[in-house]
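A.B. asks: Residue strings, one per chain:
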Amino acid sequence: GAVVSQHPSRVICKSGTSVKIECRSLDFQATTMFWYRQFPKQSLMLMATSNEGSKATYEQGVEKDKFLINHASLTLSTLTVTSAHPEDSSFYICSASGTGTNEKLFFGSGTQLSVL
Amino acid sequence: DAKTTQPPSMDCAEGRAANLPCNHSTISGNEYVYWYRQIHSQGPQYIIHGLKNNETNEMASLIITEDRKSSTLILPHATLRDTAVYYCIVSRQAGTALIFGKGTTLSVSS
Chain A
1 GAVVSQHPSR VICKSGTSVK IECRSLDFQA TTMFWYRQFP KQSLMLMATS NEGSKATYEQ
61 GVEKDKFLIN HASLTLSTLT VTSAHPEDSS FYICSASGTG TNEKLFFGSG TQLSVL
Chain B
1 DAKTTQPPSM DCAEGRAANL PCNHSTISGN EYVYWYRQIH SQGPQYIIHG LKNNETNEMA
61 SLIITEDRKS STLILPHATL RDTAVYYCIV SRQAGTALIF GKGTTLSVSS
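Heads up: the sequence lines are chains A and B, in that order.
Per our numbering: the first sequence ends with 116, consecutive numbering throughout.
Per our numbering: the second sequence ends with 110, consecutive numbering throughout.
Simulated from the structure, these hints should not be mistaken for lab results.
Please note that the accuracy of each hint is not assured.
Some residues of chain A that are not near chain B, with every Cβ distance over 12 Å (derived) [to be verified]: (1) Cys13; (2) Gly16; (3) Thr31; (4) Lys41; (5) Met47; (6) Glu63; (7) Ser83; (8) Ala96; (9) Glu103.
Across the chosen pairs, the derived CB separations fall in these ranges [claimed, not checked]: (10) A:Thr17 to B:His77: 22 to 32 Å; (11) B:Glu66 to A:Ser18: 30 to 40 Å; (12) A:Asp65 to B:Gln42: 24 to 34 Å; (13) A:Lys41 to B:Met59: 40 to 50 Å; (14) B:Asn30 to A:Phe39: 28 to 38 Å; (15) A:Gly53 to B:Lys3: 24 to 34 Å.
From the three backbone atoms N, C-alpha and C, an ideal C-beta is built for every residue, glycine too.
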């Protein structure tokens, strides 16, 4: 199956700093990428949808100025958590679909963000 | 997208078949049934999907009722590594976001 690589897998940062998470599609062109957030013992919550070359569409309640999403190429999307605070600590997961993925979404391995 | 209902948890003995049910009574004609699983602290893993017909792959079988209002995921010979949260999701088409419910926590024990 298609491979989605997410980096870093774990990051610890100080409150007020910004953190960038990368999501790459390794063997297909990801025309659409999605970012999810998951708190402990809860399900995945969709944060935003990004199409290559377009501005991301954010779900209700997700601050677009805090969670900056860039999808500048067909193989790379980034999520930047700006001015992170402890309540932003969560498991962030990207997913992608595109040419050749045959109606499926493929997910990255996730990034555990801990803000001190 | 249609909503799904799954039991919160199930147990299965190693080597036995695990049958995970899902109700999706409001499914539309053009919506697919997807199954993913998530092992602790990892991203969801695709298992199988179908529209109307039953499907089988190297991981599992998907049985969809004739009226499409429910389905069952079958892991034919469960192993300890199959312990995970299993999500049944109904979605219109490829390229749209999957909306996750609470899923079923499957515990496989020896």
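A.B. asks: Please name the hints from earlier in the document that this structure breaks, with their numbers sorted from lowest to highest.
C.D. replies: 3, 4, 5, 8, 9, 10, 11 and 13
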